[in-house]
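Student: Sequence:
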Amino acid sequence: MDTNESDTFDIGGDLTVHRLGFGAMRLTGEDIIGEPDDEEHARAVLERAVDLGVDFIDTADSYGPGVSERLIGEALDTERDDLVIATKGGLLRNTDADWLAHGDPDYLHNAQLCSRDRLRMDPIDLYQYHRPDPDTPFEDSIHALAEMKDEGLIRHIGVSNVSVEQLDRARDIVDVATVQNQYNVAHRDDEDVLAACENYGIGFIPWFPLGAGDLDGVDGIDEIAERHDATPYQIALAWLLGHSDVTLPIPGTSSLDHLEQNVAASAIDLSDEELAQLS
Numbered sequence: 001m002d003t004n005e006s007d008t009f010d011i012g013g014d015l016t017v018h019r020l021g022f023g024a025m026r027l028t029g030e031d032i033i034g035e036p037d038d039e040e041h042a043r044a045v046l047e048r049a050v051d052l053g054v055d056f057i058d059t060a061d062s063y064g065p066g067v068s069e070r071l072i073g074e075a076l077d078t079e080r081d082d083l084v085i086a087t088k089g090g091l092l093r094n095t096d097a098d099w100l101a102h103g104d105p106d107y108l109h110n111a112q113l114c115s116r117d118r119l120r121m122d123p124i125d126l127y128q129y130h131r132p133d134p135d136t137p138f139e140d141s142i143h144a145l146a147e148m149k150d151e152g153l154i155r156h157i158g159v160s161n162v163s164v165e166q167l168d169r170a171r172d173i174v175d176v177a178t179v180q181n182q183y184n185v186a187h188r189d190d191e192d193v194l195a196a197c198e199n200y201g202i203g204f205i206p207w208f209p210l211g212a213g214d215l216d217g218v219d220g221i222d223e224i225a226e227r228h229d230a231t232p233y234q235i236a237l238a239w240l241l242g243h244s245d246v247t248l249p250i251p252g253t254s255s256l257d258h259l260e261q262n263v264a265a266s267a268i269d270l271s272d273e274e275l276a277q278l279s
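Using the UniProt record's numbering, read the sequence shown as starting at 1 and increasing by one per residue.
Note that these hints are calculated values from the structure, not bench results. All values derive from a computational prediction rather than experimental measurement. One thing to keep in mind: the hints can contain errors.
Claimed, not checked - The calculated label-pair distances, taken between Cβ atoms and stated as ranges, are:
no., residue 1, residue 2, range
1, Asp192, Asp222, 23 to 31 Å
2, Asp98, Glu273, 42 to 50 Å
3, Thr3, Pro137, 41 to 49 Å
4, Glu198, Glu273, 19 to 27 Å
5, His109, Glu273, 46 to 54 Å
A virtual CB, placed ideally from N, CA and C, is assigned to each residue, including glycine.
From just these sequences and the hints, can you work out the full model?
Tutor: Shown next as structure tokens:
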């Protein structure tokens, strides 16, 4: 099995990572609530990802909640110089598995402290505001993250699930290193946000990079996959890597086999014609 062959990107100008990362949302229980059935296996997936050359791992305090961060802190040396850990705050969970936006500044300050403890990091490499809260002024939430950065608690700031207008409002307050929005070969509603990230030199982290397994209707993807002796999911990842130099796809899985397949996609070089066919 080859290691991560994706090229690199400098998050915030100084955190160099391979562009194919790993999303740790799936290392939890059903509906992203509670512990996984096999915690040892979950830790093994994290360890294997790093062994394969994945040096960018993304999580959130709402995954579990707290479970994904704890497992990362237990399985990995999160403060090693060649590993970047990103987490997010600003969503609450409940037993109905709802995702509830909560951007109160005091809450974000507290959530960040809890994330640092679970991840065993000081400071956190990249801390992202998970989703704008309609009940909290957006600027207030971003100012809270800026204060954390000023205090040396986090190194870089990201925003998630934002429009171009919200990104610009955040950038008026603080340097924004990354944006994390839903985006994949089958779902491109935020093409304008990606274009803004390209213009600003900001990393764009597409969540659901495999379309949650639904790639039906993507013309030509099966044909291209057969040509490369690959799966359509691997082609979807190769397309994200080839579509823009600022994309940082973070496919997530709880399976060692799927992890290795995802990393192998970094070696697939799609031609200009194939990229155009999928576009």
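Student: A separate judgement is required for each hint: does it hold in the structure or not?
Tutor: Evaluated hints:
{"no.": "1", "hint": "Asp192 / Asp222: 23 to 31 Å", "result": "holds (29 Å)"}
{"no.": "2", "hint": "Asp98 / Glu273: 42 to 50 Å", "result": "holds (44 Å)"}
{"no.": "3", "hint": "Thr3 / Pro137: 41 to 49 Å", "result": "holds (45 Å)"}
{"no.": "4", "hint": "Glu198 / Glu273: 19 to 27 Å", "result": "holds (22 Å)"}
{"no.": "5", "hint": "His109 / Glu273: 46 to 54 Å", "result": "holds (50 Å)"}
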